[in-house]
Every structure is written in C-alpha cells, then in structure tokens.
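Chemist: Sequence:
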Amino acid sequence: MICWRCWGVGALLLLVGCAGLPREESPGSAVDAAWQARRQALASFTHWDLGGRVAVRAGDSGGTAHLRWRREGETARIDLFGAFGSGKVRIWINPNGARLRNHENAQFSGDSAQQVLLEGTGWHIPFDHLGHWVRGLPGPGEAVDIEIDAGGRLARLSQSGWDINFSQYDRFNQRELPRKIALQAWPGTVQVMSKQGENLGDILRVKLFIEYWNGPPVVGETAQ
2 MICWRCWGVG ALLLLVGCAG LPREESPGSA VDAAWQARRQ ALASFTHWDL GGRVAVRAGD
62 SGGTAHLRWR REGETARIDL FGAFGSGKVR IWINPNGARL RNHENAQFSG DSAQQVLLEG
122 TGWHIPFDHL GHWVRGLPGP GEAVDIEIDA GGRLARLSQS GWDINFSQYD RFNQRELPRK
182 IALQAWPGTV QVMSKQGENL GDILRVKLFI EYWNGPPVVG ETAQ
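When we follow this note's numbering, the leftmost residue of the sequence shown carries the number 2, and every step to the right adds one.
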C-alpha cells in the first residue's frame, strides 16, 4: 500500500512537470509563419531599381538582353539593351497601359508591357506577373502549386500558365530577394514566331539573373 501511494504521487508530479514544459512548434508551422511574414513585408515593396540580364529561348532560337527595371508603385520604366538582337527597347508602364519604343524610334502601345514587347520584338516575357514573381511572391489569382523552402522563401510556383523556379536568393539593401529565376511556359500558353514567320512552338523558357536591387528610383524619372 505504501509503495502504491508513492508511485501515485510520483506519477502526479511527473504529469505536473510535463504540463509546465513549453510545447515545441512543428517545423512546418515555423516555415509557414516565416513565409507569411515575408509575404506581408514584400507586398509593400513596390519601389525599386533593379538591373540584370534576361534570356529567352524557344526551340533552337533565343536571345539575351541587359535589363534595367525602375518602378514607382503603378508606374514603371523597363529598358532592355541589346534586346534579343533588336537593339535598345524602352517600355513605359502606367495604370492606363504600356508603350514601347525601339532603337528605330518605332512605337507600340497596348494594354500591357507583355503585349507591346511581343509586338515590338516578337518575344514573350510575362511582365504582367513578373512584378510579383521577381520579388519572390505569387501574383494575383490562383496559384496551382506553391513550394516554400526551409527558410520560408518561395522556391517554386505554378501560375497563369507558367512554372517558375527560384534557384538563388541573395541579400540586397537589407532585403533577401531572388537573384536567379527560371520560367517555363506551359504548352499552349504562348506561341512563338520568328521574325521570318517561322513557328517556333509553344515551349518558351525565360531566365533572369538579377545583379542588383538599388531601391527606389529617382522621383519623376519614369515620366520622361
């Protein structure tokens, strides 16, 4: 009887001791919390001045360009230097649409940067969604698949007819942002035609290498 009572008291003390221990957060919960905090912080990051390189390829054809993208909220200017063999291309974006001017001073206007780039160069780059993807965020609308890495960063995304992979992040001006992004269009999303009118198919790949994020552009620069 004495031994039974002693065991009962010991068990009770053990239970009380366990109840006082803090519960460990599961790894999944910690990753999700880091992702949600990151997503909220980057959603308000809409002023930037980034530079890098972009490459496009469809079938055996492709090209490269140096990219500079300056954005102030809903207004932006994109410069593509040596744009896929077409010289310098400049795109202005505002809430009313987009306008492109090429190295021959020919101009194209449309509803989006993606549209005028296609008309002006024949190449597709999904700038309409890239403003989110370039920050490591899903764009508006439903994402078919999202993969978050152990650091709470977007690693892979399928959205709006594209598969997007974020293979490298780096720290720029106190922010951890993508450095290398690879995009591939789903079959049927785009149809690529060469300048000679040759159908290059619908398997389009776009790669971005971001060399710098220098923060907000100079006020009024995009209005030139």
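Just so you know, these hints were derived from the structure itself, not from any lab.
For each residue, glycine too, the CB sits at the ideal point set by N, CA and C.
Do not take every clue at face value.
As the list claims (entries may be wrong) - Pair ranges (Cβ atoms, derived):
| # | residue 1 | residue 2 | range |
| --- | --- | --- | --- |
| 1 | 30 | 65 | 38 to 48 Å |
| 2 | 89 | 215 | 16 to 26 Å |
| 3 | 31 | 60 | 42 to 52 Å |
| 4 | 61 | 31 | 24 to 34 Å |
| 5 | 34 | 102 | 21 to 31 Å |
| 6 | 102 | 54 | 15 to 25 Å |
| 7 | 31 | 192 | 40 to 50 Å |
Chemist: If a hint holds in the structure, say so; if it doesn't, say that too.
Modeler: Evaluated hints:
no. : hint                 : verdict
1   : 30 x 65: 38 to 48 Å  : 42 Å, holds
2   : 89 x 215: 16 to 26 Å : 20 Å, holds
3   : 31 x 60: 42 to 52 Å  : 44 Å, holds
4   : 61 x 31: 24 to 34 Å  : 46 Å, violated
5   : 34 x 102: 21 to 31 Å : 45 Å, violated
6   : 102 x 54: 15 to 25 Å : 21 Å, holds
7   : 31 x 192: 40 to 50 Å : 44 Å, holds
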